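Chains G and S, in that order, are what the protein sequence lines are. Just so we're aligned, residue 1 is where the first sequence starts under my numbering, counting upward by one. Just so we're aligned, residue 697 is where the second sequence starts under my numbering, counting upward by one.
Please keep in mind that the hints were generated in silico from the structure rather than gathered at the bench. A few of these clues could be false.
Stated by the list, open to error - Residues on chain G that point at chain S, a partial pick, calculated with CB under 7 Å:
#1 A140
#2 M214
#3 F632
Since we're looking at a predicted model, the values are computed, not measured. All C-beta atoms in this analysis are idealised placements derived from N, C-alpha and C, irrespective of residue type, glycine included.
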Amino acid sequence: MKEFLIGKLNLEALPHEWFTIGGTVAFIALALLVIIVLTRTKRWKWLWDEWLTSVDPKKIGIMYFIVAGVMLLRGGLDALMIWLQQALSSGSSHGYLSSDHFQQIFTAHGNIMVFFVAMAFIFGLINYIVPLQIGARDLASPFLNTLGFWLFVAGVIMVNMFFVFGGQYAATGWLAVAPLSGTQFSPGVGVDYWIWSLQISGIGTTLGAINFIMTILKMRAPGMTLRKMPLFTWGSLCSMVMAATVFPLLTATLFLMFFDRYFGAHFFTTELGGNAMMYTNLIWMWGHPEVYILMLPSFGVFSEVVSTFSRKRIASYMSNVLGMIGVSLFALSVWLHHFFTMGSSADVNAFFGVMTMIIAIPTAVLVFTWIATMHKGRIRFTTPMLWFLGFIGTFSIGGMAGVILAVPPADFQLHNSLFLVAHFHTMVIGGVLFGIFAGLTYWFPKIAGFRLNERIGRYAFWCWLSGFLLAFTPLYVLGIMGATRRLDHYDASTGYQPLFIVSLIGGLVIAAGVVLQIVQIIASVIQRKQLMDTTGDPWDGRSLEWSVASRPPSYNFTVIPQVTSRDAYWDVKQLGTLKTAYEDILVPKNTASGIYISAFAFLVGFGFVWHIVWLVVVGMIGIIACVIARTFDEHTEYTLSAAEVKKAEEAREKKTAVARVHKSLAIGEEMGLWEFIVIVVKWALDILKNKRWRTW
Amino acid sequence: MVTIGDNHHEEAANDRVMFGFWVYLMTDLLMFAVLFAVYAVLQGNSLGGPSGGELFSLHLALAETLILLTSSFTCGLGMIAARMGNKKQVLTWFGVTFILGLSFLGLELREFSSLIHEGHTISSNAFLSSFFTLVGTHGLHITSGLLWMAIVMVFVVRRGLNQHMVRKLAMLSLFWHFLDIVWIFIFTVVYLRAFV
Numbered sequence: 001m002k003e004f005l006i007g008k009l010n011l012e013a014l015p016h017e018w019f020t021i022g023g024t025v026a027f028i029a030l031a032l033l034v035i036i037v038l039t040r041t042k043r044w045k046w047l048w049d050e051w052l053t054s055v056d057p058k059k060i061g062i063m064y065f066i067v068a069g070v071m072l073l074r075g076g077l078d079a080l081m082i083w084l085q086q087a088l089s090s091g092s093s094h095g096y097l098s099s100d101h102f103q104q105i106f107t108a109h110g111n112i113m114v115f116f117v118a119m120a121f122i123f124g125l126i127n128y129i130v131p132l133q134i135g136a137r138d139l140a141s142p143f144l145n146t147l148g149f150w151l152f153v154a155g156v157i158m159v160n161m162f163f164v165f166g167g168q169y170a171a172t173g174w175l176a177v178a179p180l181s182g183t184q185f186s187p188g189v190g191v192d193y194w195i196w197s198l199q200i201s202g203i204g205t206t207l208g209a210i211n212f213i214m215t216i217l218k219m220r221a222p223g224m225t226l227r228k229m230p231l232f233t234w235g236s237l238c239s240m241v242m243a244a245t246v247f248p249l250l251t252a253t254l255f256l257m258f259f260d261r262y263f264g265a266h267f268f269t270t271e272l273g274g275n276a277m278m279y280t281n282l283i284w285m286w287g288h289p290e291v292y293i294l295m296l297p298s299f300g301v302f303s304e305v306v307s308t309f310s311r312k313r314i315a316s317y318m319s320n321v322l323g324m325i326g327v328s329l330f331a332l333s334v335w336l337h338h339f340f341t342m343g344s345s346a347d348v349n350a351f352f353g354v355m356t357m358i359i360a361i362p363t364a365v366l367v368f369t370w371i372a373t374m375h376k377g378r379i380r381f382t383t384p385m386l387w388f389l390g391f392i393g394t395f396s397i398g399g400m401a402g403v404i405l406a407v408p409p410a411d412f413q414l415h416n417s418l419f420l421v422a423h424f425h426t427m428v429i430g431g432v433l434f435g436i437f438a439g440l441t442y443w444f445p446k447i448a449g450f451r452l453n454e455r456i457g458r459y460a461f462w463c464w465l466s467g468f469l470l471a472f473t474p475l476y477v478l479g480i481m482g483a484t485r486r487l488d489h490y491d492a493s494t495g496y497q498p499l500f501i502v503s504l505i506g507g508l509v510i511a512a513g514v515v516l517q518i519v520q521i522i523a524s525v526i527q528r529k530q531l532m533d534t535t536g537d538p539w540d541g542r543s544l545e546w547s548v549a550s551r552p553p554s555y556n557f558t559v560i561p562q563v564t565s566r567d568a569y570w571d572v573k574q575l576g577t578l579k580t581a582y583e584d585i586l587v588p589k590n591t592a593s594g595i596y597i598s599a600f601a602f603l604v605g606f607g608f609v610w611h612i613v614w615l616v617v618v619g620m621i622g623i624i625a626c627v628i629a630r631t632f633d634e635h636t637e638y639t640l641s642a643a644e645v646k647k648a649e650e651a652r653e654k655k656t657a658v659a660r661v662h663k664s665l666a667i668g669e670e671m672g673l674w675e676f677i678v679i680v681v682k683w684a685l686d687i688l689k690n691k692r693w694r695t696w
Numbered sequence: 697m698v699t700i701g702d703n704h705h706e707e708a709a710n711d712r713v714m715f716g717f718w719v720y721l722m723t724d725l726l727m728f729a730v731l732f733a734v735y736a737v738l739q740g741n742s743l744g745g746p747s748g749g750e751l752f753s754l755h756l757a758l759a760e761t762l763i764l765l766t767s768s769f770t771c772g773l774g775m776i777a778a779r780m781g782n783k784k785q786v787l788t789w790f791g792v793t794f795i796l797g798l799s800f801l802g803l804e805l806r807e808f809s810s811l812i813h814e815g816h817t818i819s820s821n822a823f824l825s826s827f828f829t830l831v832g833t834h835g836l837h838i839t840s841g842l843l844w845m846a847i848v849m850v851f852v853v854r855r856g857l858n859q860h861m862v863r864k865l866a867m868l869s870l871f872w873h874f875l876d877i878v879w880i881f882i883f884t885v886v887y888l889r890a891f892v
């Protein structure tokens with residue numbers, strides 16, 4: 001009976017170790033804080049109606065940013081814990097983490113950063129920007145979009161759930177290598193949490209990818225042919241086509257592993273004919289393209305940034321597009337370079353080695369189009385441009401390290417060493433994350449209505465860049481010295497410790513960069529009147545997203561623009577203004593179906609993790625019922641009449657006029673770090689002196 | 697005659713949804729591709745247990761194939777009726793399709809249960825793991841297709857053949873033909889090859 005009701009759950013599963021207790025307390029405290037604030041300010045209904053159930057891709061994009069930001073802090077904390085352990089744990093000292101804890105943190109760091117930070121930021125950017133860039137009012141399926149987001153949230157909760165129930169996460173590396181991840185070697189629930197958090201969020205990614213492919217291919221403004229499409233949209237299209245191609249492989253592979261663990265199947269086990277290397281093959285068939293799925297939208301961001309801030313159209317647009325398409329195609333046939341040591345024949349290794357080197361060619365084409373764009377341009381060194389310049393350097397270093405790793409004989413030496421870890425982080429931080437930061441800074445005025453503080457942004461950039469070099473250059477050296485990845489302890493005679501300490505210092509500098517980014521956002525909010533974007537076009541941009549007001553109305557465009565050239569908005573600005581004529585607009589209604597379906601999906605996953613069959617059944621029935629209710633609802637849209645649109649537009653005009661006045665009155669520089677500290681201290685003193693908290 | 701999409705907006709939406717559904721089918725196909733590849737790798741790993749040739753019945757597989765192919769044909773007839781706006785014929789042909797699908801599922805379940813009864817389960821060896829997973833995943837798709845079909849028919853009865861329903865039927869029939877094509881590959885790769 002007990003087994004029927006709660007499966008494998010028991011008191012042992014409740015948190016009882018310092019790091020799970022810490023995590024649980026932190027999460028509960030955070031949740032309580034949010035609940036108290038929302039209740040005090042009576043914002044529950046507002047939150048539900050305006051945000052959680054919203055199908056507006058702009059709001060969903062912002063929600064992606066928020067979750068990704070929180071997860072960035074969580075994954076960053078994991079990274080600092082790893083660094084600290086490695087700096088301490090030499091010779092007779094064993095650091096402050098047990099080796100099992102260390103491996104769990106390692107796995108969690110990898111999963112969170114790839115799935116719940118990088119992917120989330122990318123999806124957020126695509127959600128917000130792509131419809132605006134292609135002149136669309138919405139995505140092809142607003143419902144799939146909210147469903148995809150909430151499945152992603154269910155995955156986020158699942159990956160953090162082990163803090164509360166179970167007390168352990170997978171200690172198997174971020175891709176759960178088989179047969180280590182089988183029940184024989186990992187009997188606990190850690191791997192099950194891993195499977196279900198990735199499974200649920202991965203299905204959301206597939207649905208999202210299908211939706212974006214539909215949107216980009218079918219909903220572009222009249223006149224925008226594929227050859228006139230903005231490059232961020234091109235990068236997103238390539239990325240989403242790849243996601244729709246490889247995420248089904250992940251889904252299938254995770255199901256096979258689930259069958260191994262739950263039904264005792266023998267796909268990847270060491271007994272009864274299972275084949276562990278097949279798991280490695282399958283997971284990397286997804287895993288390698290995944291890196292490019294993250295990278296391609298960043299490439300797109302850089303193309304937009306470099307062209308805007310050089311005041312030139314992108315040099316050789318077609319080479320850039322073909323470069324991105326080339327990367328996407330080649331990326332599908334390089335997966336075996338992750339395990340040259342598997343023992344395939346020399347021919348197989350040579351093929352994948354050569355393919356891996358070939359992929360450097362389209363990538364180099366991209367880099368050269370960006371450099372050529374800057375050539376003879378009138379460059380403005382704004383923060384997005386700084387992120388871009390930082391990227392060019394780090395990306396080239398990382399790329400060349402990648403070419404070294406692509407040579408099978410060299411890889412036999414470097415396989416699974418910190419050289420690989422350094423290469424990978426150079427690409428993902430220097431390539432993906434810098435691109436995300438460039439994009440967020442570049443489009444921030446569109447998203448928030450005011451620019452970000454440039455001064456503090458520059459400090460943050462320099463912290464990130466120098467911290468990054470300080471943290472990861474030693475890892476290249478350590479890798480060549482023989483240090484392997486997932487190393488929780490090493491002998492003093494290896495001489496690793498000084499380099500690990502340098503690496504830790506680099507990590508702390510990066511952490512300072514993150515703190516500065518938070519400060520940057522707060523400082524910009526304080527000075528928002530001054531930084532207000534009243535034109536909708538703060539950077540003198542070239543593509544359609546700059547033709548609408550910052551923050552755009554829910555329907556994006558009052559009139560769907562007619563596109564005649566590549567830099568659609570630039571030409572409009574040269575020729576004169578857009579005409580305005582109001583028309584009726586069909587708007588999708590908000591829906592909570594995505595939330596319900598994801599909640600049931602979460603129950604299914606939780607039920608499988610703990611072997612609670614009734615919960616699985618309830619969850620499945622719930623999903624089916626919600627899907628039926630939603631798909632047979634024929635009234636999912638309503639009409640916004642031309643008169644209402646006119647009223648809203650005029651109200652906005654008035655508001656903008658007021659903002660313009662405020663902006664002209666607010667003179668003075670953007671605040672620097674010192675002014676920020678002074679303001680915060682004054683504010684705190686004011687609260688203390690006047691006992692303000694009593695009135696809260 | 698009912699035309700799909702009375703106005704421009706509906707037509708564009710229809711076009712998008714059908715395109716998206718095709719993309720979805722391709723993603724599903726890739727999932728099957730993984731399962732086929734896994735089967736191809738593991739089919740020899742029965743480790744002394746009986747091989748496919750000793751376990752499967754070619755007659756049963758042939759009967760399943762013929763039933764499913766026929767159901768695809770009746771599904772096509774149902775779709776023609778839907779485009780003509782003939783509600784009664786739609787219900788008849790999709791009803792026949794449903795019954796054929798159900799009997800296919802029944803035969804497959806019978807095969808599975810007799811195998812399991814004889815002690816050949818998913819955990820016996822790698823070959824059987826991959827067999828049950830590949831064929832079972834197809835069966836699961838058939839099950840969800842049947843569920844979908846039943847629900848669409850209920851709504852067709854209640855709401856009539858409006859353009860939403862015709863679109864749903866069009867997607868359903870695409871799904872059904874897709875499963876048919878996958879089954880042809882299963883029949884070839886799993887059953888026919890076992891007797892070569």
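To see whether the hints hold, each was checked on the structure:
no.: 1; hint: A140; verdict: holds (5 Å)
no.: 2; hint: M214; verdict: holds (4 Å)
no.: 3; hint: F632; verdict: holds (6 Å)
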